[in-house]
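Using the sequences and the hints, build the whole thing.
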Amino acid sequence: MTPFSAMDIGRTGVGMAHHWMDKIAHNLANSNTITSPDEEPFRAMRQVVQPLDDGPFARTGSGVHTVGELRDDTDPVLTYDPSHPLADEDGLVQQPVVDTGAQMVDMMLAQRHYQANLRSVSGAHEAYQAALRLGRQ
49 MTPFSAMDIG RTGVGMAHHW MDKIAHNLAN SNTITSPDEE PFRAMRQVVQ PLDDGPFART
109 GSGVHTVGEL RDDTDPVLTY DPSHPLADED GLVQQPVVDT GAQMVDMMLA QRHYQANLRS
169 VSGAHEAYQA ALRLGRQ
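In this text, residue positions in the sequence shown follow the numbering used here: the first is 49, and each later residue adds one.
Don't read these hints as lab results, they were simulated from the structure.
Since the structure is predicted, the reported quantities are computational estimates derived from the model, not experimental observations.
Beta-carbon label-pair distances, calculated as ranges: (1) Thr148 to Gln185: 54 to 64 Å; (2) His66 to Leu182: 25 to 35 Å; (3) Ser79 to Asp138: 22 to 32 Å.
Keeping only pairs whose Cα atoms sit at most 25 Å apart, straight-line, the calculated SDA-like set for lysine to any residue is: (4) Lys71 to Arg91; (5) Lys71 to Thr114; (6) Lys71 to Gln143; (7) Lys71 to Arg167; (8) Lys71 to Gly149; (9) Lys71 to Leu118; (10) Lys71 to Gln95; (11) Lys71 to Met155; (12) Lys71 to Thr60; (13) Lys71 to Asp123; (14) Lys71 to Met93; (15) Lys71 to Asp154; (16) Lys71 to Val153; (17) Lys71 to Met156; (18) Lys71 to Val97; (19) Lys71 to Val115; (20) Lys71 to Gly61; (21) Lys71 to Gly116; (22) Lys71 to Asp120; (23) Lys71 to Pro99; (24) Lys71 to Arg94; (25) Lys71 to Thr148; (26) Lys71 to Gln163; (27) Lys71 to Ala164.
Note that CB positions come from ideal geometry on N, CA and C, so glycine has one too.
Quick look at the structure:
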């Protein structure tokens, strides 16, 4: 471990939470994107996160990184709306595959992750500053 490991670990957590919130915001922004039944609907995306593997210190915690995304492959809901310009000959349109309630819960969790990791980075920074002040005395 390096002397700045606490800041590095917190930094990766802040980055992960930031990307998580961006992904949720994108999903929520498209939660009303209606398509015709013959098109692929908008599908919510989730990020996949794994711990960093830094050799022998990986067990003590070395941070996280995003390794991919998962697309929600739930069947889309078809609704009857014959006046919609994208409706097919039966008057059906396709709703996006986004669970807005779950997205809002995830947004709260991502925000808490972000805040907690930012506090750990800030706490580590303050501890390093205190150590430097002690070294000057």
